[in-house]
Amino acid sequence: MKTVNILICGVGGQGVLLAGDIIAETAIAAGFDAKKSEVHGMAQRGGSVVSHVRYGDRVNSPLIREGEADVILSFEEMETARYLSFLKPGGAVIINRQQVMPMTVATGQAQYPADIVDRIRAQVPNTALCDGPALSAQAGSAKTINVVLVGALARQLGIPGETWIATISSRVPPKTVEMNRKAFELGYDD
Amino acid sequence: MKKLLSGNEAVARGAWEAGVNVVSAYPGTPSTEILENLGKYKEVYAELATNEKVGLEVAAGASFGGARALTCMKHVGLNVAADPLFSMAYIGATGGLVVVTADDPGMHSSQNEQDNRYYAKMAKIPCLEPSDSQECLAFAKLAFELSEQFDTPVLLRLTTRISHSKGVVELGQRAEHTPAGYVKDIVKRITIPAHARKMHVKVEDRLRRLSEYGETFAGNTIERGDKKLGIITSGISYQYARDVFPDASFLKLGLTHPLPQKLIAGFIKSVDEIYVIEENDPFLEEQIKAAGYFVKGSCAYDSPITGKDKVPITGELDPTVVARSFGLQRESSVQPIAVPARPPVLCPGCPHRGVFYAISKLKLTATGDIGCYTLGMMEPLGAMDTVICMGGSVTAAMGLEKALGPEMARRTVAVIGDSTFFHSGITGLIDMVYNNAQGTVVILDNRITAMTGHQQNPGSGRTLQGQTSPVLSLEDICHACGVKHVAVVDPLDLKATEAALKAAAGHPGVSVVIAKSPCILIDKKFKPTLHVDEDACVGCKLCLKLGCPAISFDSARKKSKIDPIFCTGCEVCASLCPKKAMKR
Numbered sequence: 024m025k026t027v028n029i030l031i032c033g034v035g036g037q038g039v040l041l042a043g044d045i046i047a048e049t050a051i052a053a054g055f056d057a058k059k060s061e062v063h064g065m066a067q068r069g070g071s072v073v074s075h076v077r078y079g080d081r082v083n084s085p086l087i088r089e090g091e092a093d094v095i096l097s098f099e100e101m102e103t104a105r106y107l108s109f110l111k112p113g114g115a116v117i118i119n120r121q122q123v124m125p126m127t128v129a130t131g132q133a134q135y136p137a138d139i140v141d142r143i144r145a146q147v148p149n150t151a152l153c154d155g156p157a158l159s160a161q162a163g164s165a166k167t168i169n170v171v172l173v174g175a176l177a178r179q180l181g182i183p184g185e186t187w188i189a190t191i192s193s194r195v196p197p198k199t200v201e202m203n204r205k206a207f208e209l210g211y212d213d
Numbered sequence: 062m063k064k065l066l067s068g069n070e071a072v073a074r075g076a077w078e079a080g081v082n083v084v085s086a087y088p089g090t091p092s093t094e095i096l097e098n099l100g101k102y103k104e105v106y107a108e109l110a111t112n113e114k115v116g117l118e119v120a121a122g123a124s125f126g127g128a129r130a131l132t133c134m135k136h137v138g139l140n141v142a143a144d145p146l147f148s149m150a151y152i153g154a155t156g157g158l159v160v161v162t163a164d165d166p167g168m169h170s171s172q173n174e175q176d177n178r179y180y181a182k183m184a185k186i187p188c189l190e191p192s193d194s195q196e197c198l199a200f201a202k203l204a205f206e207l208s209e210q211f212d213t214p215v216l217l218r219l220t221t222r223i224s225h226s227k228g229v230v231e232l233g234q235r236a237e238h239t240p241a242g243y244v245k246d247i248v249k250r251i252t253i254p255a256h257a258r259k260m261h262v263k264v265e266d267r268l269r270r271l272s273e274y275g276e277t278f279a280g281n282t283i284e285r286g287d288k289k290l291g292i293i294t295s296g297i298s299y300q301y302a303r304d305v306f307p308d309a310s311f312l313k314l315g316l317t318h319p320l321p322q323k324l325i326a327g328f329i330k331s332v333d334e335i336y337v338i339e340e341n342d343p344f345l346e347e348q349i350k351a352a353g354y355f356v357k358g359s360c361a362y363d364s365p366i367t368g369k370d371k372v373p374i375t376g377e378l379d380p381t382v383v384a385r386s387f388g389l390q391r392e393s394s395v396q397p398i399a400v401p402a403r404p405p406v407l408c409p410g411c412p413h414r415g416v417f418y419a420i421s422k423l424k425l426t427a428t429g430d431i432g433c434y435t436l437g438m439m440e441p442l443g444a445m446d447t448v449i450c451m452g453g454s455v456t457a458a459m460g461l462e463k464a465l466g467p468e469m470a471r472r473t474v475a476v477i478g479d480s481t482f483f484h485s486g487i488t489g490l491i492d493m494v495y496n497n498a499q500g501t502v503v504i505l506d507n508r509i510t511a512m513t514g515h516q517q518n519p520g521s522g523r524t525l526q527g528q529t530s531p532v533l534s535l536e537d538i539c540h541a542c543g544v545k546h547v548a549v550v551d552p553l554d555l556k557a558t559e560a561a562l563k564a565a566a567g568h569p570g571v572s573v574v575i576a577k578s579p580c581i582l583i584d585k586k587f588k589p590t591l592h593v594d595e596d597a598c599v600g601c602k603l604c605l606k607l608g609c610p611a612i613s614f615d616s617a618r619k620k621s622k623i624d625p626i627f628c629t630g631c632e633v634c635a636s637l638c639p640k641k642a643m644k645r
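For the record, the sequence lines run as chains D and X.
Numbering-wise (our numbering), the first sequence opens with residue 24 and increments by one.
Numbering-wise (our numbering), the second sequence opens with residue 62 and increments by one.
In case anyone wonders, no lab produced these hints; they're calculated from the structure.
On a predicted model such as this, the values are computed, not experimentally measured, just so you know.
Beta carbons are placed, not taken as given, at the ideal position from N, Cα and C, and that holds for glycine.
Any given hint could be a false lead.
Stated by the list, open to error - Computed list of chain X residues with no C-beta within reach of chain D, every gap over 10 Å:
1. Met183
2. Tyr301
3. Ala352
4. Lys369
5. Arg391
6. Cys450
7. Asp492
Claimed, not checked - Pulled a few chain X residues facing chain D out of the computed Cβ check, cut under 8 Å:
8. Lys227
9. Arg303
10. Asp379
11. Val400
12. Ala402
13. Pro405
Stated by the list, open to error - No more than 27 Å apart at the CA atoms, straight line, and that leaves these computed lysine-lysine pairs for DSSO-like:
14. X:Lys330 with X:Lys288
15. X:Lys585 with D:Lys198
16. D:Lys166 with X:Lys585
17. X:Lys644 with D:Lys166
18. X:Lys586 with D:Lys166
19. X:Lys644 with D:Lys111
20. X:Lys64 with D:Lys198
Required output: the full structure, derived from the provided sequences and hints.
Laid out in structure tokens, this is it:
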């Protein structure tokens with residue numbers, strides 16, 4: 024099978040890294056080779072965060088080559104644009120309806136690009152929006168946004184839902200398994 | 062059993078499977094998780110060392126006793142540990158001695174891109190370079206065997222993308238290693254000149270034997286493909302090159318020092334053209350070219366060798382950069398959309414913010430250091446002037462004073478974190494006192510080693526493996542170093558912090574201000590959030606000078622606002638607001 028490339032982006036603290044782990048572990052559980060890559064340290068202090076996940080028969084580079092991502096799963100509207108060059112022609116973008124102001128915007132030195140989603144849509148017809156804040160609230164906690172988004176991604180990938188739920192259940196606190204299952208399903212069915 | 066592991070987790074697992082007994086290391090991105098994961102194994106003694114030199118020396122002592130020992134560090138940590146590394150290269154290893162260096166091409170969280178393979182060459186020790194998590198586990202195990210077989214420390218060299226990428230790893234079992242016990246051997250372990258001269262002869266012989274070993278080592282592999290193009294590579298670069306050139310022939314080197322010259326010569330002969338693809342410095346390329354294969358009529362072959370004339374020497378490689386180097390990257394059809402930068406910032410509620418606000422307000426020159434608090438340089442705080450290396454804040458301030466006089470010293474503070482102070486700030490402070498310096502050192506005591514992910518340190522009263530230990534008092538240490546003026550202040554109290562800095566600067570001789578308040582992320586028990594009373598807010602933007610991610614300015618309404626998701630209720634902004642507009 025051709026390697027599937029998923030690029031996840033967002034802001035430090037949004038749960039990007041855990042989402043990447045869940046996707047890679049689910050791919051392994053489904054019988055694929057998988058690799059993922061991200062950077063810890065300075066990048067986590069409210070900075071832009073990106074995680075590359077690749078799975079298939081045999082994966083070499085843990086990093087996706089520009090122009091080869093099948094899906095960009097973006098946790099934050101503006102961050103999508105930063106990584107758009109990774110998308111392959113005809114690739115899909117999933118955008119969480121959330122804006123996190125960078126310090127340059129908060130202090131008035133820069134403007135948040137208000138029409139960013141429309142500008143992305145103009146270039147990427149296959150753009151889906153996911154109201155993560157609303158769906159995670161429906162699931163029971165804003166902390167489940169990343170699992171909602173994993174659900175939205177899962178619908179596009181063809182790995183069975185129960186494989187996803189098994190991985191998610193193993194990676195979240197036991198008390199929150201039910202809530203996260205609901206979050207996954209809300210994202211999947213959205 | 063198979064598991065998805067990061068390179069760091071796999072190194073820890075491999076060392077554990079090899080029966081490692083003693084681990085001592087100082088945290089540093091991207092190496093930290095190796096130590097953290099080794100600390101979880103009950104069969105292993107693992108400790109947070111005060112610095113990398115200490116870590117390597119503790120490991121060396123354990124090796125003297127016949128134990129298998131490991132130390133790990135970020136690339137610049139090996140500069141600190143270079144002294145014992147070079148001595149141990151002569152002394153050798155009794156129990157296996159493994160030194161892990163995690164280099165940081167691209168400088169994701171470092172001050173330079175030094176290529177630590179050169180340390181292996183300079184110290185004349187073997188260097189293993191894994192290219193994925195599975196090899197991290199395998200090479201960590203092998204490193205102990207090589208160390209004992211060849212009587213040498215072994216450098217296991219990772220890079221950020223090896224350390225922090227995850228891949229599928231087949232796990233094994235632990236083979237217990239029982240330390241053989243200490244046997245006195247002064248000719249082996251006392252590096253006086255008379256002994257060291259003999260040691261050097263052994264070291265050169267060891268290198269020759271290691272080079273022979275490399276000729277048949279299973280980690281140096283040839284993958285036959287198209288004969289037109291042969292690629293010589295190692296580490297993560299192999300993975301990128303494999304994706305970009307799926308049909309080429311490959312010589313993938315796992316042991317990159319010393320190089321297997323016959324294997325390389327044979328490979329070069331077997332293909333028409335050679336690309337050497339490696340990150341940062343031309344470590345392989347220079348040695349291959351120096352061996353003369355590319356000179357027509359010389360020992361091997363006249364195939365052209367392409368390396369750093371095409372592959373960038375600065376920055377991190379990735380598949381895109383490798384493809385672009387050789388004109389193989391199809392440029393994106395997507396039109397770029399410019400968006401504002403999102404640099405990292407001090408967290409909301411970070412106690413360092415109060416100190417940097419005071420430094421900024423008092424317009425002091427601040428010599429800085431390595432840690433989260435380096436972010437104090439960011440606007441709007443803009444409260445840091447220099448960063449050299451761990452501990453360099455204290456001594457740089459002293460140098461400024463010696464060059465420009467006490468007037469400069471009264472306008473200067475050295476800013477250093479608690480863990481960095483224990484690491485190598487103490488020696489600078491002693492130097493200041495001893496040499497009659499005038500100056501102020503601010504120790505940002507947030508009770509933890511925060512930047513690398515919250516490790517304990519000598520001031521926190523807990524060891525890596527959860528034992529209680531004596532809490533070393535920074536105050537007592539400063540007093541014992543001969544500092545007469547030591548003040549402790551709560552950095553969340555802006556007025557008190559400003560007053561303490563002023564008082565310290567006015568004090569003759571060396572003064573220390575300890576800004577003591579725990580990192581907001583230690584227990585994440587935040588106070589109730591604040592909000593802006595819009596009737597009271599006059600839009601003066603003073604609160605924005607704190608650079609708090611929770612505070613932004615609504616240009617349309619001309620009012621500040623606080624994002625309740627980010628606010629930790631630290632009240633620093635409330636204490637600053639002239640109109641008392643920040644309310645619960």
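Query - Hint numbers not upheld by this structure, sorted from lowest to highest - result: 2, 5 and 19
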